[in-house]
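Go ahead and model the full structure; you've got the sequences and the hints to work with.
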Amino acid sequence: MADPKDFTAGIDSNAKKSPRRIVFITRRTSAQVKADTENQIQTFPEVLFRAAVAIQMLAIALVWIALVFNAPLEGLADPSHTPNPAKAPWYFLGLQEMLHYFPPVVAGVLVPGLVVMALIVIPYFRVNIEAEGLFLKDRQRRLRIFYLAVGALSVFLLFFKVYAALVPTLIMAAAMLLAAQSSSQSSSAFQRYLAGRPLSYWVMTWFLFELVVLTAIGTFFRGPGWAWVWPWQGS
Amino acid sequence: MAKTVDQYFDDLRGTRVWRSIFRSGTGSSTLKRALSIQQNVFLHLFSTKVRTRMLGFNATWYLGTLTLGTFLILVATGIPLMLYYHPSAPQAYADTKDLQFVVSSGLFLRNLHRWSAHCMVFLVFAHMFKVFYRGAYRTPREFNWVIGVILLLMTLLLSYTGYLLPWDQLAYWAITVGSNIASAVPLMGNKIRFLMLGGNAVDANALLRFYVLHCMILPLTAMFFVAIHFWRIRKDGGLYSHASEPATLRANAASSDITAKEAQ
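Protein chains in written order, with the working numbering: chain A, 501 to 735; chain B, 25 to 288.
It is possible that part of the hints are untrue.
[What the hints assert, rightly or not] To list a few chain B residues with every Cβ distance to chain A over 10 Å, as calculated:
1. A26
2. S112
3. V126
4. L219
5. M240
6. M247
[Stated by the list, open to error] Coverage of chain A stretches by chain B, computed from C-beta distances (three or more under 8 Å per stretch; other residues unrestricted):
7. 557-564
8. 570-582
Because the hints were derived from the structure by calculation, they are not lab data.
A virtual CB, placed ideally from N, CA and C, is assigned to each residue, including glycine.
And the structure:
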C-alpha cells in the first residue's frame, strides 16, 4: 500500500518563491526548443526487477546444465605423457589454429596484440563515429584500395596456405563488392542495408567471422598432430 | 481486517532498525524510489531512471546483466570450492576427485562453476559485439568501451588461470600450450614465462601462482573495473540509444523544421 502523501499540490503565484525563466531572442540567436518527452522508468523497482528475472532465468538454465552434464576431468597431470592433440581452452583455439600456420611470434604475440590494440582504438576514430556507407563517397578510389587490400591479404594467406582464413575473407569481400554495387536506391532491402555499412562494420564483421570459423575448426575439426578430422570420425 | 504481506513489509521498513540500516527510508513515492538507488552504496552506481526504450529485450539482449549474473554465480560457487581445495601438486587433483565423488554436491558445484565460466566468456564476447553493432562506443562513452576491453582480458585471464586448478591432463597441457605462446614474445619471452609460471615448466609453483591470481588478484581487479564500468554508464548519460542522442534529436528537429517550412 502506498504511503499517504505528506504534501498538497497547489498553484503558487508568489513570484519571489517560484521565479520564471524568460528567454531573450536577439537577431543572432534562436530559441532551441528541446522536446525531451522520452519516457523514463524508475530503476527501483522496475529495472532491478527485470535484471533479477534475467539473472534468475540464466541461473536456472546453468543449474539445469550443471545437473545434466559433468565437467571434464582427466587423469592426473603427467609431464612425461603429452596428449595428442594438446588443446587450449576453446576461446584460445582460434589462436592455436593460427599457430598451426604462422610462427609463434606472429600468431601468438603480434596478432593478439594488434587485435587488442584495434579494439581499444575503435571509439577514437572519426570514421567509426560518423558511420557512413563505405562506398557511398569517393567510390572509385575506395574500390581500388579495397581491391589492393583484399588482394594483398589473399596472397599472404595463400602463401602460408591458410585456407581456413582465406574462405571467410573471400566471402566478406564478395559481400563488400555487393555493397559497392548497391545504393540507398537499390530495390532489395538487403542491398540498401549493405550500402549503408561503414568501414568499421566490415572490419569487425570480418573479425567476428574469422573468430567463429577458426575457433570452430580448432574445436571440432582438429585431431592428432593438428591434422584435419571430421567431428564424426572421433579422435 | 487482516494485514496483507505488503503491509507487514511496510511495517518492517518503518522499524527503527531497518531505518538505521537503509538510508533511503520507507514509502513508494518517486522520490523515495529514486533515493533507494541514490542512497545505496552499491546501487548508486546506477542511475535512478532509465529510458523505457532501453528495457526492451532487443535494445541490449540483457547481455551485460547476464554477464554480471554469471560473475555472481562464479563467486557464489567459487568460494565453497575453495574450502575443499589445496593448491599443491598433486593434492589439487585428489581434492578435485573428492569434489567429484566424496563431497556432498561437490560435483554439482564444480559443474556449475565450470559451465558458468564458459558461459561468461561467451557472454562477454557477445556483449562486446552487441555494443559495437549498436555503435554504443560513441562519445562520451569511449573510455567505458576501453574498460570493457580490459574486462574482456580479465575474463579470459580468470578463465585461463582457473583452467589449471584441477591439475589433470587437460589442465596441465592446455596451460603448457598457452605458456609456450608467452615465450614467443621477442627478447623477454622466456622471462615473462618464468614470471608467469614461477619456473621453467608448469609445476607446483605455477599452480600456486594461478590459484592466487584466480581466487584473489583477478576477481578483485575485475570487481574494481566492473564498478567503474557500471558507474560510467550513469555518468555518460545512461545506456546508449541512437534515437535519444542529442545529435539525432537535433537532426530530427532540423528536418522537421524543413518539412514544416515546405508545407507552408
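How the hints compare with the structure:
| no. | hint | verdict |
| --- | --- | --- |
| 1 | A26 | holds, 13 Å |
| 2 | S112 | holds, 12 Å |
| 3 | V126 | holds, 14 Å |
| 4 | L219 | holds, 16 Å |
| 5 | M240 | holds, 21 Å |
| 6 | M247 | holds, 17 Å |
| 7 | 557-564 | holds (count 4) |
| 8 | 570-582 | holds (count 12) |
In terms of the numbered hints stated before, the structure departs from none.
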